[in-house]
Amino acid sequence: MDRRDFLSTTALCGLGLAFGGPLTSLAAYAAPRAAPPRAWEDAYRQEFLDTRGDAQGFAFHCSNCQGNCAWRVFAKDGRVTREEQAAAYPPLNPRIPDANPRGCNKGTVHSKEMYQGDRLLHPMKRVGARGEGKWRRIAWDEALAEIAAGTLDTVTRHGLGALMVYCGTGILSQGRRAGPLRLGSLLGAQRLYPASAVGDMFTGASLAYGLATVGHSLDAWFECDTILLWGINPLVTRIPDAHYITEARYNGANIFAISPDYSPSAKASTQWVAVKPGTDAYLAMSLLHVLLRDGHVDETFVREQTDLPFLVRLDTGDLLRHRDLRQGGKDDLYYAWDETTGKPAPMPGTPGHFKKTLRLGEIRPALSGRFEVQGLDGKMIPVSTVFDLVRAEAAKYPPEETQKVTGVHPELVLRMAADLAKAKKAIINIGFSLHKYVSGTMTTWAAALACALTGHAGERGGIDTENNWSLGGIGPLSSPKPARFASGFLSEWLNGGMQETMRRHYPDAHLRATAGYDSTDVERLTQERLERGNSYFGKPKTLLLFADNMFRRNKSESHHREALLKDLDLFVAVNHRMDSTALWADIVLPATSHYEAWDIRGELGYHRFCNVTVPPANLKRVGEVRSEWEICLGLAKSISAEAARQGIEAIPDPDFLTQQGDKAAPVMRDMKRLPDDYTMEGKLLNDADVVNWLMANVPQIKPWTSEDAKKNGFVVLNQEAGFTSPLYANRPYNSFERNVYLRQPYKTASGRQQFFIDHPVFKKIGWRVPTAIGPLRPPSFPFAFYTPHTRWGIHSQWRANAQLLRLQRGEPYIWLNPATAKDRGVAEDDRVRVFNDIGAFRARAKLMAAVPPGCVVTDHAWEPFMFEGRAGKNSLVAGMMSLVELVDGWGHLSFDPNWDGNMIAHESSVDFEKVVS
Amino acid sequence: MTRQLAMVIDLNKCIGCQTCTLACKSQWTDRKGREFMYWNHVETRPGQGYPKGWEEAGGGWDGDVLKPGRLPRLREDYGIPASFNYEQALFHENAPALKSEQPMQWGPNWDEDQGAGEYPNGYFFYLPRLCNHCTNPACRAACPRQAIYKREEDGIVLVDQERCRGYRYCVAACPYKKIYFNPLAGKAEKCIFCYPRVEKGVPQACAFQCVGRARHVAFRDDREGAIWKLVEEWKVALPLKAGFGTQPNVFYVPPLSPPTFDAEGKPTQVPRIPDAYLEGLFGPAVHEVLARLNAEIARKQAGQTSPLLDMLIAFRHGNMFRLDRLGEKGNAA
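Listed in order, the protein sequences are those of chains A and B. Counting from 4, one number per residue, gives the positions in the first sequence under our numbering. Counting from 151, one number per residue, gives the positions in the second sequence under our numbering.
Among these hints, one or two may not hold up.
Pair ranges (Cβ atoms, derived) [claimed, not checked]:
1) A:516 x B:466: 30 to 40 Å
2) A:782 x B:412: 54 to 64 Å
3) A:510 x B:453: 19 to 29 Å
4) B:412 x A:892: 30 to 40 Å
5) B:235 x A:478: 41 to 51 Å
6) A:892 x B:453: 44 to 54 Å
7) A:344 x B:445: 16 to 26 Å
8) B:412 x A:516: 40 to 50 Å
9) A:647 x B:243: 33 to 43 Å
The list that follows gives simulated cross-link-like pairs (lysine to aspartate or glutamate, EDC-like), each with its CA atoms no further than 16 Å apart [what the hints assert, rightly or not]:
10) A:115 x B:268
11) B:350 x A:511
12) A:359 x A:342
13) A:484 x A:680
14) A:115 x B:180
15) A:640 x A:144
16) A:917 x A:832
17) B:416 x A:335
18) A:825 x B:268
19) A:407 x B:205
Don't read these hints as lab results, they were simulated from the structure. This structure is a prediction, so every number in the text was calculated from the model and none was measured. Quick reminder that beta carbons are idealized off the backbone N, C-alpha and C, glycines included.
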């Protein structure tokens, strides 16, 4: 029944009579009937059976929430009736709460979304201008042939790198993602690094560990004495795991929620730390200040596991290296001052040392002191330690001073420091919001140092950005040939012409004062990156985009969109629904959604379960949708056919070389064999084949088989799944056990947890050691603007879901502190215009005592098409990058999945006014 | 002798995610004229709740006499379920923004996270609400058709859909405003405690699907069950608005909260949810309950055991539900 029917029915009943008004009850009937007839109860029983349907499958909702929860999916007559969490994960051990019933509000309504009016049902081609909304329904064959022609035109005229085949974060599962990855890899297309494109790189962790994603399975929260939730709101954004927070609290944990707003997670904490937006790095430095001032230092741990005892030349400001002492010496051998011998000692475990262990043997490295060592020319070089430099930097940030910036009372800093120091197990959780400030790198690096000083690693906890599992064996499926792997943030920056909005919004003098660099520095380093040529492949001419809401996600919304579209000859969007990006496509292709195709996902490290989607038997797919695997197979066939028509058998790709006999030869992009290559000679024809292949080939899934997965909807990963520790069957996962207990070196330039970077850029702007910077927002507009993750969507997925919008207010709103709103004459539910020199959007106002004064906040990822003029909230986010995230080709700071940068989202300032209509 | 199936909802574990709300919706109320109803919903407190202003809408008992009540209005108090212009907004030229065909005026979660107080000492918490399956239901007493009854075997309160004539006296009489008038069927409907699930050994959708693991279900006389332990033995779960006189069988573990800040930004010892506010909802016993919870947490911090907290932690999801009518062993659904 739609709303119109509903209203007309109520009208028939007489709205005034049915609803509203006083109705005084008659006198109570004293004696209810003795035995009411109950046969009617069968009606609801039948309804229940109807929702259980006639077929049952399993699913997870493959998206960028990273929740990965097993659901049972019920269907009747080929249509999904309902979904319910499987709630069947086995417990780990009797002292840890089990993981059931993993799931959330979004998962509960996915079947509604399957049949909702924004679903893409047929291939469509635009017949008007881009974005105009004039579409013509076309057949699959016509669509595939047209895309093939455009693709070949691009690669023959502009080169292979001018083709981008990119699967965004709408699909992160190993099954459905494999199609676009494999096709792009065979064709030599460019693709972005998604974690960087969406601003989810934890570069602060990368500095310290050489790894961006580190941490725990989240059941580890339950074991903690102390938890710092820093810029993370798990009660809203990690709904399936949030119970481990509330249960940890009952288990006696101290939980500090560090957040500018009184979030639901702050509500569940033992102590809210109300930090002013963007000042977290100051808070982190004050925490280090107290730890160092009050002697909360686990000296045994830091001497062995960190670079804190490493010697630093006081003349050059660089680490003391072997080459400083010996002609032709090594660049990657570092020293500490050995207190036993009174001499500098080369540190085992540094990359240039022959001992590949962190074990110190007889060496007792000094943590502090000034020493002299004899240099190449016989002159004495004055040196000190990283520890002393770190301490000197932290000394600048006593909590009594930082309170003026952060608003956090010194008492709270003292408590956090003391609790960290005394906790047997402590976790500092770093949320995805921190690195959307330029200071996030420093905040996280400092937090990592706080964990190091207090010895929190391995079983004692430590930093948690996001744990991922190591799934091997996938390469032959997803990367059969070398592909053009592009930096996410850098490509979007350049493709979207973002330097223009950076220059417009941020005065250089202001940038230099708050960040230590300016827009010219950014442009110079960007240029250097371009010259290296390893992480940017130019603006695409043909873009085959899968499940990526690029025009919702990118900052300076319309500016970015126009810059990218301007040079695009063919833009194809593949999605299960019409999103704010597909609206601008030349061709849209309808894909299966979460229940309609087989899929598998196991890389996500919040828990150890690898989920499998098994569609209910005889499920009817909606419209003409096809799975991503089938779509890419169709593309492979049509591209091959078009190439044959044009007489192209293969295109050599000399950017990548293979060995042929004793000679190097260019990789061939074989057009003739493309369908055979794509299907592994006919072995992988559909999404079910892909899932079976992954089940058989990923060693971390052994000994489980496809049959096990089909029976339960999931399998349990084995011990091999951990990157830096074994994944023990009966206890939560912790990072770095191999480093802490087996003394294996870390993946950093120093081989240790690293808190000193002597790269020239770091030196130039004074970031050699953790320090405080920010916020960068310019004073030209009075309000800070930040946009935390929402409870009501996974980014833009589910954001337009009718069931969920009914549990909000049906349209976008911003959160305002009541006093701030009053100053501008804005009242609850008023319409407001939010604006700055980049753009504007309109929304309703919702007054929230939880929100700090002086801020405009909106939970993010409303679809731009939900706003007037399709101008969403990113319309007024200016371009901004962190200078240090542009560094490349230096030690562990070299472009790869553990080192790429972020789109900065929360450093713009705005104004707002009431809309009088 | 009627046995009573009952629920305890732990407000310290409710995360406000509304998974229960939507689980209930897809199980029962997304069809047949029930679209505007939320048999189970979660409202932010303090707030006007759902239906809007239900606390002031009357109903319940004054001694043996039913108090007068008001029927909530569809548009203003429940909210008409928004429906959206997908086709027009996404597949046509000159498209307007995607929006509800009529702007929402209210909804089941309208005042989400708003609460009360002033920054930085604002506060809020979540209150899931469903039919309380009361021991002394005002709705039953108010029905001139005697269409409402409590089931002998589990105390579930039902509106006989064949007998009901849609007079709506029950809607006015329920002080929690958890009975709804179905304009399509012309009958009153409400939460049925998922009896078709429960009869098959499957817990209620709201409880079983609660991701926060906040809901315990058992018979009140089951000495091993969470209801007996939390309500009778440890006395940490309280009914909502007991003064309404209906004797609810849904109980709540009241919410703890982090301390306020003083004028200098220093944390105090005072929880930010005022005790008086909680007393208004859960009665004077709430002070003792909060003190007990804090004392038990202190025991945990000191390395001692706390069977009470272990039960609230709920190490096994499956053990939170004891539907077996003999009350001897947990349900194995």
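Each hint tested on the structure:
1. A:516 x B:466: 30 to 40 Å: Check failed, 56 Å falls outside 30 to 40 Å.
2. A:782 x B:412: 54 to 64 Å: At roughly 30 Å between Cβ atoms, residue 412 of chain B and residue 782 of chain A fall outside 54 to 64 Å, so the hint is violated.
3. A:510 x B:453: 19 to 29 Å: violated (56 Å)
4. B:412 x A:892: 30 to 40 Å: With Cβ atoms ~51 Å apart, the hint is violated.
5. B:235 x A:478: 41 to 51 Å: Hint holds: Cβ distance 46 Å, inside 41 to 51 Å.
6. A:892 x B:453: 44 to 54 Å: holds (51 Å)
7. A:344 x B:445: 16 to 26 Å: Cβ of residue 344 of chain A to Cβ of residue 445 of chain B: about 56 Å, so the range 16 to 26 Å is violated.
8. B:412 x A:516: 40 to 50 Å: Cβ of residue 412 of chain B to Cβ of residue 516 of chain A: about 33 Å, so the range 40 to 50 Å is violated.
9. A:647 x B:243: 33 to 43 Å: The hinted range 33 to 43 Å holds for residue 647 of chain A and residue 243 of chain B, with Cβ atoms some 38 Å apart.
10. A:115 x B:268: violated (38 Å)
11. B:350 x A:511: violated (69 Å)
12. A:359 x A:342: violated (22 Å)
13. A:484 x A:680: This hinted pair holds, its Cα atoms lying about 10 Å apart.
14. A:115 x B:180: holds (10 Å)
15. A:640 x A:144: holds (11 Å)
16. A:917 x A:832: holds (11 Å)
17. B:416 x A:335: With Cα atoms ~47 Å apart, residue 416 of chain B and residue 335 of chain A exceed 16 Å; violated.
18. A:825 x B:268: Cα-Cα ~13 Å, so holds.
19. A:407 x B:205: It is violated: about 43 Å lies between the C-alpha atoms, which goes past 16 Å.
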